Structure formats: structure tokens, C-alpha cells
Amino acid sequence: MTKPLFNSLAFALLALSAGLGNPAQADDFPDITGKWSGSYKVAFPSGHSTHANSALDTVMELDVYKQEGNLIWVTNKWRRADADTWVTEYGTGSFDFEETDEFVISEEGPAPEAGVNTGSFVGEFDDGNLYLNYMGPGVGVSFAVELKREEG
1 MTKPLFNSLA FALLALSAGL GNPAQADDFP DITGKWSGSY KVAFPSGHST
51 HANSALDTVM ELDVYKQEGN LIWVTNKWRR ADADTWVTEY GTGSFDFEET
101 DEFVISEEGP APEAGVNTGS FVGEFDDGNL YLNYMGPGVG VSFAVELKRE
151 EG
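With the numbering used here as the guide, the letters of the sequence shown map in order to residues 1 to 152.
Because the hints were derived from the structure by calculation, they are not lab data. Do not take every clue at face value.
To be verified - Below, in silico cross-link-like pairs of lysine-lysine (DSSO-like), each with a Cα-Cα straight-line distance of 27 Å or less: (1) LYS41 <-> LYS77; (2) LYS148 <-> LYS35; (3) LYS77 <-> LYS148; (4) LYS148 <-> LYS66; (5) LYS66 <-> LYS77; (6) LYS41 <-> LYS148; (7) LYS66 <-> LYS35; (8) LYS35 <-> LYS77.
From a predicted model like this one, the values you see are computed outputs, not experimental measurements.
Turn these sequences into a full structure, and let the hints guide you.
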């Protein structure tokens, strides 16, 4: 074995034994299972077919119905504040191994032809609340929302 290769292997073993590269353990992640709710304004771009250059008051209910370690499964329901009909979307997410209170959720919208496309949330669990930023690349929609855990 050549000396540079031996040194590289020795460094790799030392790094692993020092804890570098070890992912967080299942109990390192906060338990966010349960139902969460909040309201927000959603922004629509100029090319949107029905809400061009506008912002609408919206209500959201997020049900984190399953969590295994860093993985989460969600049902996201939302509606315009002045509407009675809910849109339901399903998604999965994962917590970050380094910043264990930060996570992402990717969801598939129910009907692209209805202007509801897939999108992603970047989130954080802080002070007992969920903070989400949404990006909907298919229709250029974005918003931020603070969700509080529902009692019961």
C-alpha cells in the first residue's frame, strides 16, 4: 500500500471514529405528529389565470399523521378564507441530520389542471410551532405560515 493511500484510509477511519459523518439518531428529532393550523396570505404571479398579481387570505390544516425517525408523512388541507371547500394534498418529508429542528416536505397537488401543482415546504420546528415556507414552482405561488398545534 502506498503511503498517500494509507494516510487517506487512516484519516477516513479516524474521522468516522470521531463521529464525523454519523447521522442523527431517531430520538434526536422532535415529535411533530398531530394536527397543526394557521392562516396566511398567498401571493400569485402576474401570469396566474384567476388571481394575477394578487394575494389571498388562506387557511391551512396540516396533519402529520406518521413519523419514523427523521421521516414524516402529512395530509395538507387548505382553503381560501372566504370559501367552504378544502383542497387536500398528500406529502412526505424529512428532518435534516445536522439541524434536527429543520425539515422539508414535498407534496403532490390533487389536480394540475385546476391550478394546484406539486410543491415543497422548507420548515422549522421552533418554540412549539411549525414555520413553513412554500414554493410552488408549477404556478409560481409562494407563502409563509406559522402553524400551531391543535389541542386534543
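Status of the hints after comparison with the structure:
| no. | hint | in the structure |
| --- | --- | --- |
| 1 | LYS41 <-> LYS77 | holds, 15 Å |
| 2 | LYS148 <-> LYS35 | holds, 8 Å |
| 3 | LYS77 <-> LYS148 | holds, 15 Å |
| 4 | LYS148 <-> LYS66 | holds, 18 Å |
| 5 | LYS66 <-> LYS77 | holds, 16 Å |
| 6 | LYS41 <-> LYS148 | holds, 16 Å |
| 7 | LYS66 <-> LYS35 | holds, 11 Å |
| 8 | LYS35 <-> LYS77 | holds, 11 Å |
When the structure is compared with the earlier hints, no violation turns up for any of them.
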